[in-house]
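Top to bottom, those sequences are chains E and F. Sequential numbering of the first sequence, starting at 1, is according to our numbering. Sequential numbering of the second sequence, starting at 197, is according to our numbering.
Calculated directly from the structure, the hints in this document are not laboratory data. Among the hints, a few may not be true.
Said to hold, decoys possible - In silico BS3-like cross-links for lysine-lysine, where the CA-CA straight-line distance does not exceed 27 angstroms: (1) F:Lys254 x E:Lys61; (2) F:Lys279 x E:Lys61; (3) E:Lys70 x F:Lys268; (4) F:Lys339 x E:Lys70; (5) E:Lys61 x F:Lys247; (6) E:Lys56 x F:Lys254; (7) E:Lys56 x F:Lys385; (8) E:Lys167 x E:Lys155; (9) E:Lys61 x F:Lys339; (10) E:Lys155 x E:Lys140.
Computed from a predicted model, the values in this text were never measured in an experiment.
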Amino acid sequence: MVKKIYFQSIFFSFFFIKEAFAAESGGMPQLNPEFWVSQIFWLILTFGIMYLVLSKLILPKISNNLESRKSQILENIEAAEKQRESSDAKLKEYDEIISKSKLEANSIFNQAREKALKDIGAKREVLDKQIDNEIAEAEKEIDALRKNAPDKINKIAIETSSELLQKLIGAEVNNSSISAIVDDLSKRNGDKYYGN
Amino acid sequence: MAANPMSQFDVYRIGPEIKVGAFDISFTNASLFMILSTISILLIFNLGSKKNSILPNKIQLLAELSYTFVSKMISDTAGSKAKPYFAFIFSLFMFVLFCNMFGMIPYTFTVTSHIIVTFVLAAFIFIGVTVIGFIKHGFGYLKLFVPSGVPAVLLPLIVVIEIISYLSRPISLSVRLFANMMAGHTMMKVFGGFVISLGIVGGWLPLSFSVALTGLEILVAFLQAYVFAILTCIYLNDALNLHH
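Chain F on its own, in the form it takes in the complex (with noise of 0.2 angstroms):
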């Protein structure tokens, strides 16, 4: 297990396999972590939150810092017609960061290092804005996919352009987060073993460099989820402010 750099990202069943229907919803490692980030996220923002002192203390001064970061996020880039939309983002924001950080940890499991988790929070984006956009706008918005300004000629090769672009967002969005988790991980693996493999002469220059990585990796963790709420919020400004 510790020399194959995948094995980290192996998914195992913890506790007995449970079955509802053809479906196997067993309680996994991926799971664990889920729910830690959730409990983590939970206890900090509540304790944040339960004093309201004139001068905050410094967890409740993380939960008011986290609060406005978000909140100014979301205005500057989608406006104040997306504040109903404030709480998802920042439990987007809040739960991409938390297991991006926790899979920093050693021996920790990234949940957001696998495909299937990032796409299924893409999807429900990308379905969520798109309704949002038509409930808005109605056939009107899909005046998005003709941008102003472009000349008649070019217009059908445009269209076809936009849209593929348009579908391509949910893949866009969650490979760019699993990708950059995963590569991450697993440079920090790769290199980890070849400290073990170079032993006490050679091992240092790996080991220097895992250290530099583990920094960069801490920086990407925070960096992707920053960006993964960010598009997030470009995609509910186009469906909330439509002008392409």
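So that you can see chain E by itself, here it is in the shape it has in the complex (with noise of 0.2 angstroms):
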């Protein structure tokens, strides 16, 4: 209901609006010739002005600042560009001189292994040598020590023994008497005591 009533005032109204115009208006005051000349007179006058200005002024301007910005940016780019290339080189060459001074540092550190293992099997020889010679000497000493022992060891048990006979019964007993049993006995014990 409100809303039958609220579209009828509109309909309503709109004949009314229509009837207030009909009653005003003289027509369009597009068609009314009165003021046509002033108008194209203005609109040439103006337009013209514009163009002009535009034409010789503004829009020269404009293309100019156009113009440059896209060289401005064309040679960023080739700069850039440029820049890349030469970055992208440069890397190549640190690459190389890495990859070079890692295969000089490899062979270096051949060279000074080889070299320090030859002074060590060089010094080693000489080392071993000298305790071969010091050994070998010190076997004949004791090879000489050993020979001589059971002679010194049958001296002094002779010299003692007499000296016991001497000092038991009080008198001197041979010498060559004393050296023969001595030897026999060294001979019978010699195992005994020398291990041989």
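Using the hints, put the two standalone chains together into the complex.
Written out as structure tokens, the structure is:
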């Protein structure tokens, strides 16, 4: 119901307004030639001035601005490309230098190791020789000592026994008989003492 | 004045009557808005072209976008031969656009809602294009009225139709802009009148219509300027690159 009244009121008001317009209007002002000449005159004047200023002063400037921006951007892109290329080249160079120096370092290390090994070998040989010599000498000495030992022991035994006898008996005993006895004993017991 | 939707198109004198011979060239409200549009265009584009920075500010961006927009429109429709006429079409587009847009401000006058203004523009374009066509192609330009691949029997009829369609170009061009602007503004005024007459109870519906119409009219204001410019480009294309 409310809706109906609403639309009815719109409808009737439309009629009312139309009548009011019809009473007032005297056609389209556009078709009244009173100011046509004035409008043409001012149109030509303003449009002409605007066209002249735009075409002679402003539009060339804008197109210049656009051109210069475009060229500058292109230049910058080119420069960036160049720099990228040079940095790529430098990176390659750097890689080469690194790999080369790695190889060099490796070879130096190897050489040093070989040299050190050689040195160590040589020194070891010398030392081995020295040690061998010393061992041989010591063995010789020991051998000599070993060889002399029974004789000395025999001598000591003989002398000691003769002195012992002298002290015990009070008479001198012939050394040669004693030595014969000692020899006989030592021969018998030699194995026990020397372990040969 | 407020009740009549046509009274917004009234032209009235501002200041004294100026007469040159028999012609009345008084300064009117139409002249005022032509000058306002012109000055705004020149101001905006002057500001937009003053500094040349790599990163444009807003007004420079506006100017440059308009420039590329119009130049792309011309090169798309009329090809590279239309380059010398760029400044004219740019001025035309901007002038019509600014006049239309100024008309969208309440209490202003819409210059392009007057048939005489649009007709002068269209007639100038028509004459200019015809002259360019005859200069470029001589009497060969008349081939425009003889489409290729038409049977000989139909040819007289087709030629007559072509000539009529060619001659009606300035009329269709001017009436299209004028009628669009006038109809839109009249409609807005009518709906505005409804808001008043229906008052607080029933005024909301026409008010919402008015709001929607305002958006539509802003679109139409741009679109008609674009159509005016692009039709000029198409006519220019016919004159420059004759292939019918």
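To see whether the hints hold, each was checked on the structure:
1. F:Lys254 x E:Lys61: holds (17 angstroms)
2. F:Lys279 x E:Lys61: Given that 27 angstroms is the threshold and the Cα spacing comes to 16 angstroms, the pair holds.
3. E:Lys70 x F:Lys268: holds (16 angstroms)
4. F:Lys339 x E:Lys70: violated (41 angstroms)
5. E:Lys61 x F:Lys247: holds (10 angstroms)
6. E:Lys56 x F:Lys254: holds (23 angstroms)
7. E:Lys56 x F:Lys385: Violated. E:Lys56 to F:Lys385 sits at ~40 angstroms, over the 27 angstroms cutoff.
8. E:Lys167 x E:Lys155: holds (18 angstroms)
9. E:Lys61 x F:Lys339: Distance ~39 angstroms between E:Lys61 and F:Lys339 Cα, so the pair is violated.
10. E:Lys155 x E:Lys140: holds (23 angstroms)
Hint compliance for this structure: hints 4, 7, 9 are broken, all remaining hints hold.
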